[in-house]
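Using the hints provided, position chain L relative to the given structure of chain X.
Going line by line, the protein sequences match chains X and L. Sequential numbering of the first sequence, starting at 984, is according to my numbering. Sequential numbering of the second sequence, starting at 2, is according to my numbering.
Simulated from the structure, these hints should not be mistaken for lab results. Heads up, some of the hints might be wrong.
Unchecked claim - For lysine-lysine, the following DSS-like pairs were computed, each having C-alpha atoms within a straight-line distance of at most 25 Å:
| # | chain 1 | residue 1 | chain 2 | residue 2 |
| --- | --- | --- | --- | --- |
| 1 | L | K210 | L | K225 |
| 2 | L | K10 | X | K1109 |
| 3 | X | K1082 | L | K21 |
| 4 | L | K19 | X | K1121 |
| 5 | X | K1107 | X | K1095 |
| 6 | L | K21 | X | K1095 |
| 7 | X | K1109 | L | K210 |
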Amino acid sequence: MEAVLQVNNLTKLYKNGRGVSGVTFEVGRGDVLGLLGPNGSGKTTTMKAICGLCHPDVGESVLFGHNVFTAYESAMGKVGCLIEMPALYEYMTAWANLKQAAGLHPDVTEEKLQHILEMVRLEKYKNDRVSRFSLGMKQRLGLALALVSEPALVVLDEPANGLDIEGMIEVREIITRMAVEKGTTFLISSHLAGEIEKTCNKVAVIYEGEMLSFHTMEEALRLNPTLEDFFLTTVREKRGELIL
Amino acid sequence: MRLFLGCVKNEFGKLLHKKKYMVFLLIEVIFCVCVLLIQAAVNRAMDGEIVLQAKNMSLGMLTFFIQVYVPLVLFMACCDLFSAEMQDNSIKAVLMRPVSRFKIFFAKTLAIAAFAVLYLAALFLVTTILEVASSGTVARFWSSLGAYLLDIIPLLILVLMAVLVNQVTKSSSMAMFLCILLYVVLCIVGIVIPEASGLLFTGYMQWHKLWLGAILPFGAMLAKIGLLCGYGLVFGGAGFLLFDRRDF
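Next up, chain X with everything else stripped away, as it sits in the complex (with noise of 0.2 Å):
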C-alpha cells in the first residue's frame, strides 16, 4: 500500500498537561479514516502537528514522503486541510477568498474555482462578504478552500460543525466520491460516531491524547453493532472497566 501519511510516535504536551502522546498511525491512498474521539482528547492537536501548525516535542510526520518539519513545501503541495474553524478573511468576498488561496497554486484556473463553489453550494453567495456568512457557509467555503489545490490528501477537522442535515450529506458524498473517483485520503476528526461510520472506511480511537485503536470500519464493525459501541468498548477496556 502507497502510504500517503505516516506519524510517527507524535507527542505534543501543552502546559496544562493536555495533547497527545505516542501517536502511531499510517494512511494509505483513497482511505478515509476518521479520527474519533470526545472533545478534548487530542485530535486537534494531532491534525495541527500533522500539518505542521504546531511542532511536537517528539516524532515525526510524514506526507507523501517528505517530513512536515523539514520539507515542509514538498510536504504540503498536495494536502487541503480545514483545521478548527475555517481560516476565512471575513473582510472580503468569498471569490475573493477562493482567489487568494488560488494565487499560492500557480495552475488553479477560475474555472476550477467556479467548479468547487458549484460543489459546496455557495455560488450564489460567491460575491457575498464572509462577515455575512452563517456557520454553516463557512464551514462550506473552508471546504472549497481545502479543496482549492485538488489536493491528494485532505485534512478535516470536525468538517460536519455547524452543517445541516442536507449539508451533511453532501459533504459526506463529496468525501466518498473524491475518495473513490480520484483516490484522494481523507484525515477526518469527529466527536460524532454516526458521522465516522457512515463515510470512513477506517477509524482510529483517540482518548485522553492517546490512540487507543486503529481498525478497518470492518474490523470495528464486526463484534459491535455500531461504532458508538465500539468506541464505547474500546474506552471502557482502556479504563480497566468490566465488559459484560
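Chain L alone, transformed into the frame defined by chain X:
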C-alpha cells in the same frame, strides 16, 4: 520564487481590501492641499494678496509624513497582517498552504514595506503636482525624488521592528500600542540624550538629510549604513525566529 511573489501579492491585496488604508491615503492628499491653502491664507493676511506657494513642498511634507504619519499607517498594517490574523485565526489560511514560514514572514514584511512605498509615492506625486500647479515649475525635482527614495531605507527597519513587536503578542490593539510606545520612547531618547541618537535607528528617519545636506565623510556614512543593516538583521532575525517557533 514564484510562490514567494504570489504570497507578497496576496498580502498586498489584503491591505488594499481594507478601505481604511485608502481613506488614510486620501487624508494624506487632502492634508497637502490644506497646507497649501493655509499658506495662501497666511500670505493673504500678511500681504493682502492670495498667492499659492508650494515651493519645496515635496521635501517639507516628507519631513512630517516620514516621521509621524507613515509610521502610524505601517504599524497598523503590521498589526493587520500579523497579530490581527493570529487573533482571528485567519493566518492559518496561508500557513496551511505549501509555503514555508520563512516565505510567509518575509512576504508579509515586504508587502508592508511596499505599502510604505505606495504612501511615499502618492505623497511625492501630490506635492509635485501642487508645486507645478502653483508655481509652474518643480524646484529640485531630482533631489526631492532622491530624498523620497533614501527615506525608504529607515522605513524598512521600522517595519521590521513593528513586525518583531507583533510576534510578542496575539492582541492587535496591544501590538499597536507597543509599536507606538516603543517608537515614541526611541524618538524621545534620541532628543533627550543627543549622544544616543546616533545609535538609534529612529535618529535616521530623515535619512535623506545625511545624503543631501552636509555630506559626511565616507567612513562615517558607511558606519551608519552598517548600523541600520545591523538593526534590520536583528529585528528581522528575531521576528522570524519567534514566528517560526510559534504554535498556531
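Hint check:
With a C-alpha separation of about 13 Å, the suggested pairing of K210/L with K225/L holds against the 25 Å cut-off. Between K10/L and K1109/X the alpha-carbon distance is near 21 Å, which keeps this suggested pair within the 25 Å criterion. Simply put, K1082/X and K21/L have alpha-carbon atoms about 22 Å apart, close enough for the 25 Å limit, and the pair holds. Distance hint between K19/L and K1121/X is fulfilled; the C-alpha atoms sit about 20 Å from each other, no more than 25 Å.
Taken as a hint, the K1107/X and K1095/X pair is honoured in the structure, with Cα atoms around 16 Å apart against an allowance of 25 Å. About 32 Å separates the Cα atoms of K21/L and K1095/X, which puts this hinted pair outside 25 Å; it is violated. Taking the CA atoms of K1109/X and K210/L, the gap is near 50 Å; set against the 25 Å cutoff, the hint is violated.
Going through the hint list in order, the structure does not satisfy hints 6, 7.
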